[in-house]
Amino acid sequence: MGAIVAGCLTSHAPNITARPVIDDPAQRRRFLDALEVMRRRLAEARPDVVVVFANDHLQNFFYDAMPAFCVGVADRYAAPSAGGAEFLRIPARQAAGARAWSEALLHAALEAGFDVAYSQELEFWDDVSLPLHFLVPDGVPIAPVLVNCVAPPLPVPRRCHALGAFVRSFAEGRPAGERVAVIGSGGISHWIGMPGHGRINPAFDRLVLDWIAEGRLDLLVELTAERIERDAGNGGQELRNWIAALGALPVKGEVLAYEAVREWLTGCGAVWLAP
Amino acid sequence: MSDYQLNKLLFEAARRHRIVETLADEADLAGYELTAEERAALARGDIEALYRLGANPYLIRRVFRPRFPV
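Residue numbers (my numbering), protein chains in the order written: chain Y, 1 to 275; chain S, 1001 to 1070.
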């Protein structure tokens, strides 16, 4: 039988790679050092598949058909695409997709009453490409599970958690016995493209990280979209990806770094989840 | 439901990685049903007005990036 063997929660932001020179280089070093620790631990966990809970930034989905949840079922993903690579300033690449695993997940999810959408072609920007760039061992295929965090109305955190928990039960029930790692990508607080653009709320971010360190998923899933928008901005809605990953690996997180980086417009957290 | 058209314009510009200060050329606007207010906000590159008019903030940020201080 399969197992969830590791988990990482990390923020993403284009400027993490696009704007490496910041006023306080120690902030960058502390955050990237934490990602490096997670990269090593993830490799040591020898995953066969890495499930990435992340969100589209309206590069794939639009208001003509907006999925609350979407499972990627492709052989490969542009992560980043050529255009994405240009503004992220990392090389474009085609990331291997764990297609058979993802297709099985899709079927099982629908059978279980999770009416997820699916996609055979997805283009990724910082959402999936940065976790890939910093964390995922070369050649390990990914299984993206996208959560709408950017085009309200959004799925409620409790449902994101339930989907993550379903991914865990699916992974554990796989006869092929794959070793599965999970990544939650996004958050914590950031205000993007709206009044307050560039604001970060370290007090809220610390609160969320404390909850995660104490294993208080019960408090996380009670967060409302309104509360998140008020205390963590529109970017804070990406906490859904963390909550889904915590649903798949419900353990007390080890907070490795938190940096409110002005130039990256983001309260940047890095949390390791040990099974 | 005009903000759909406004977002559609920005979505399609973002997909092409257009980064602009203003959007006023007929070539950019043709085919979208926009109100006079939306056209004016695009022509001024007025990011606050675009937000008020219902443009998705991620699309505003992506397309009108030079308009943001950070």
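A couple of the hints might just be wrong.
Straight line, CA to CA, 20 Å or less: simulated EDC-like cross-link-like pairs of lysine to aspartate or glutamate [said to hold, decoys possible]:
id, chain 1, residue 1, chain 2, residue 2
1, S, 1008, Y, 44
2, S, 1008, Y, 123
3, S, 1008, S, 1037
4, S, 1008, S, 1021
5, S, 1008, S, 1033
6, S, 1008, S, 1028
Cβ-to-Cβ under 7 Å is the rule here; a few derived chain Y residues that face chain S [unchecked claim]:
id, residue
7, 57
8, 62
9, 74
10, 150
11, 197
12, 234
These aren't lab readings, by the way, just hints derived from the structure by calculation.
Think of the CB as a built atom: it goes at the ideal place given N, C-alpha and C, for glycine as much as any other residue.
What are the numbers of the hints the structure violates, in ascending order? Checked against the structure, the hints that fail are numbers 1 and 9, while the rest are satisfied.
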